[in-house]
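Using the sequences provided together with the hints, build the complete structure.
Spelled out, the chains give:
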Amino acid sequence: MKNYDKLIFELSRPGRKGYQLPADKFDTDGFAAIPADLLRKEMPELPEVSELDVVRHYTNISNKNFGVDTGFYPLGSCTMKYNPKINEEISAMPQFAGLHPLQDAETAQGALEVYYNLQKALASLSGLAEFTLNPYAGAHGELTGLMVMRQYHASRGDHKRAKVIVPDTAHGTNPASAMVAGLEVVEVKSKPNGSIDIEDLKPLLDDTVAGIMMTNPNTVGMFETEILEIADLVHKAGGLLYYDGANLNPLLGKVRPGDMGFDIMHINLHKTFSTPHGGGGPGSGPVGVAEHLVEFLPNPRVRIADDGKFYVDADDRSLGSVSTFFGNFGVMLRAYAYILTLGRDNIVNVGPMATLNANYIKESLKDLYKLPIDGVCKHEFVFDGLADKSTGVTTLNVAKRLLDFGFHAPTIYFPLLFHESMMIEPTETESLETLDEFIDVMRKVAEEAKTNPDLLKQAPLTTIISHPDETSAAKNPILTYKALKEA
Amino acid sequence: MLERIGVNSVDDLYTDVPQEVIFKGEYDLPEGMSEIELREWFDKLGARNRSLTVFGGQGAYDHYSPAVIPQLLSRSEFYTAYTPYQPEISQGTLQYIFEYQSMISELTGLEATNASMYDGATATAEAAFMMVASARKRNAVLLSATLAPRVAEVVRTYAKFHGVEIREIPEKDGVTDLEALASMVAAGDVAGVILPQPNKYGIIEDFTGVADIIHAQKALFAINADPSALAVLRSPAEWGADIACGDGQPLGMPLMFGGPYLGFMSCGKANLRKMPGRVVGATKDASGNRCFVLTLQAREQHIRREKATSNICSNQSLMALYATIYIALMGEKGLREVNLLSANGAHYLYNRLIETGKFTPAFDKPFLKEFTVRTDLDMAKINRRLADNGIMGGIELGNGLVSFAVTEKRTKDEIDRLITLMLED
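Protein sequence lines correspond, in order, to chains C and W.
This note's numbering numbers the first residue of the first sequence as 29 and each following residue consecutively.
This note's numbering numbers the first residue of the second sequence as 5 and each following residue consecutively.
Simulated from the structure, these hints should not be mistaken for lab results.
It should be emphasised that the depicted structure is a prediction, and the values quoted were computed from it without experimental measurement.
Pulled from the structure, derived: some chain C residues nowhere near chain W, Cβ distances all over 12 Å: (1) ASP234; (2) THR236; (3) ASP341; (4) LYS398; (5) ALA415; (6) ALA474.
Cut-off 20 Å, straight-line C-alpha distance, at most; resulting in silico cross-link-like pairs (SDA-like, lysine to any residue): (7) LYS503/C with LYS288/W; (8) LYS164/W with ALA182/C; (9) LYS113/C with GLU44/W; (10) LYS503/C with LEU276/W; (11) LYS48/W with ASP132/C; (12) LYS510/C with ARG294/W.
All C-beta atoms, glycine included, are put in the ideal place defined by N, C-alpha and C.
See the structure below:
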């Protein structure tokens with residue numbers, strides 16, 4: 029339905045319903061014993077709609093969305109790879125979907141085995157001893173990992189270590205997670221090429237430092253070549269190294285964070301391990317640690333007994349709990365299916381193919397877009413806007429114009445290292461034809477910037493909405509249908 | 005491709021990596037599998053689980069999931085989309101989040117709801133931080149002893165590291181001891197109080213006068229609630245609460261061994277700018293069309309970094325869509341009927357258990373779908389027998405207390421069979 033613009037509330041008609049429930053077979057009134065004071069006075073105003081109303085409505089609004097299945101999503105740092113369909117079917121298998129998290133371990137051996145095997149697979153792929161799969165997302169993994177860090181220092185009676193070093197180019201979640209974990213953030217500067225400035229790092233490393241949070245490749249997609257020296261310096265100062273797995277994809281099958289000296293890491297299963305982003309979640313943020321930190325991982329733990337049975341355990345030395353149950357189990361099923369599909373023989377190609385694709389785009393466009401850091405990148409790279417700055421066309425204009433051509437925009441204005449950052453990550457799942465098509469469009473847009481800059485400033489021109497008024501949205505927030513009716 | 009890049013091989017793309025960290029071993033994984041082999045693998049794993057008729061709750065309830073929901077959620081325009089940072093091509097996601105916020109706000113009675121949190125426990129921990137951030141200089145949060153232990157454990161973990169002091173309000177006769185609450189909240193350093201509805205025993209607590217007591221001390225009041233039950237129970241706003249939080253799982257979400265579920269959070273306008281997480285607002289585009297955008301982003305980590313209200317980035321968006329479609333299908337009447345059918349079944353089971361003489365009432369307090377009874381029976385042994393017969397029995401809470409939950413899916417026959425099997429031997 030073209031131009032569909034209704035809210036579900038606007039379809040509501042008194043008395044209409046979209047559900048069927050069995051007739052009551054009990055001769056008890058479950059509400060009889062509840063005092064009137066404990067019951068609602070004002071009824072919630074919810075839609076009254078038929079099943080067909082619901083199905084058409086959500087089908088229609090789904091058409092206003094762009095997903096990986098719609099088109100190419102070169103969103104830097106987000107690793108928007110293809111989400112294999114078999115994984116969706118597996119995660120919906122009733123043998124798993126119907127399991128209560130507190131049912132006896134004896135009756136959930138298959139689910140516990142999935143949990144256990146997946147954490148083992150991640151450990152093998154990342155060179156660490158063990159993983160917890162309980163954290164729900166990347167930032168939740170960061171928080172959990174920093175709690176591990178603090179618990180470790182506390183267990184040694186080392187209570188002075190209240191600071192964590194974070195590069196100035198880090199993802200916003202790094203300093204925010206540190207704040208939530210009760211750590212003070214100390215920024216370490218980056219060199220003009222985006223890598224950590226060791227000379228700036230050295231004086232920061234004293235006995236108040238709990239550790240450092242890093243990504244490698246870093247936020248501009250370049251490998252931190254001095255990583256072994258950094259690891260050595262941090263460890264000598266008594267700190268731990270945290271690896272932000274947001275940028276793990278180019279290393280998958282090639283380099284393991286544990287081998288670079290990292291003690292703690294999280295993995296975004298919804299990036300590197302192909303589970304869908306779901307319009308913002310659910311993701312999953314497993315946290316892996318080196319041997320000496322295993323005891324601090326959050327409860328509950330899934331373990332295997334000598335007789336091969338899996339059981340659920342809690343450890344007194346653990347940092348505590350970060351989830352009600354075992355985390356986003358449905359996401360784990362998908363990631364495990366992905367790993368099994370590739371297997372040890374094919375998983376080695378993931379990182380290298382992602383890196384190949386990124387370099388191919390970079391080299392094909394660097395004459396028209398400003399490449400501030402030249403050289404071989406990993407899974408992503410950053411342009412600092414168009415090479416020709418005389419047209420006044422900004423990164424935002426280019427990003428919005430890409431929408432007209434059926435591509436998602438790159439990540440823009442991040443990292444903050446450059447004024448016109450445009451961060452491009454193609455992933456390994458795109459074909460050469462798609463990359464070439466994207467390159468052609470990017471070249472066409474650069475041409476348009478010269479011939480018709482005004483057109484770019486008005487873009488997007490073909491989307492269902494254009495230039496939403498974000499200022500008034502923030503100034504006078506309308507957050508519900510009720511508020512909208514009153515506005 | 006290599007030629008354009010100017011290298012001879014893909015390995016040349018890794019010459020900047022110190023050679024000693026290039027992995028040369030073999031991963032501890034099986035060989036790659038075809039779809040056929042993969043299905044077989046998971047069929048075998050699945051066969052090691054037992055599908056049970058569920059009579060346990062404690063945070064995960066076996067409500068019915070209407071067929072419409074998985075069908076609509078499987079539209080890949082929804083599930084393969086990223087966070088809606090580009091509003092022009094994300095109106096679908098933005099609109100359902102707006103509808104979700106509207107529906108949860110109707111249930112809680114509070115004006116603002118965020119786009120979702122991870123689960124009920126982390127939402128409650130964030131509510132504690134939000135109260136401390138609003139209060140300034142007050143650093144203690146009171147938790148009722150009747151809050152679900154798994155939720156309390158997560159709040160305590162978050163608080164321990166963040167530097168928030170958690171104090172437990174004792175329970176009395178299965179509910180929060182309100183006299184103790186009144187004296188504890190007057191300590192002068194209390195930023196807020198978190199109470200459950202219903203509580204860990206399934207009891208509906210009476211918060212008459214509580215908001216006044218808390219607000220008189222300039223502290224905030226948060227209720228951890230079951231959003232399905234809020235179709236029937238007095239809403240957090242009607243109790244005078246400032247914040248509502250909890251887990252959306254009871255809104256028909258599959259048990260899925262504990263997740264994905266949905267954390268929700270609502271608050272009044274006064275606390276909106278301290279709220280964690282994404283928020284969607286309505287606005288107009290350049291042609292005057294109604295549209296939706298992420299708003300109030302100055303609270304969030306990608307803008308404010310260590311000064312953000314929370315570190316949350318990815319949330320449980322697709323589960324917010326789940327809740328939205330569920331609530332749309334059910335409406336107020338359907339939610340009420342689900343609660344009534346569940347409560348009828350729960351009361352039937354409760355009465356049957358008491359009639360056996362082997363169970364006694366733990367507390368004489370009102371409940372909906374979940375309740376707690378006392379027994380001397382060896383519940384571990386009984387639950388093993390039940391499991392052998394395809395049933396998940398009551399959950400032991402310690403001290404002879406057992407918690408049962410009944411949803412609209414449970415039939416009279418299933419309950420009668422549960423009773424018969426429990427009393428065998």
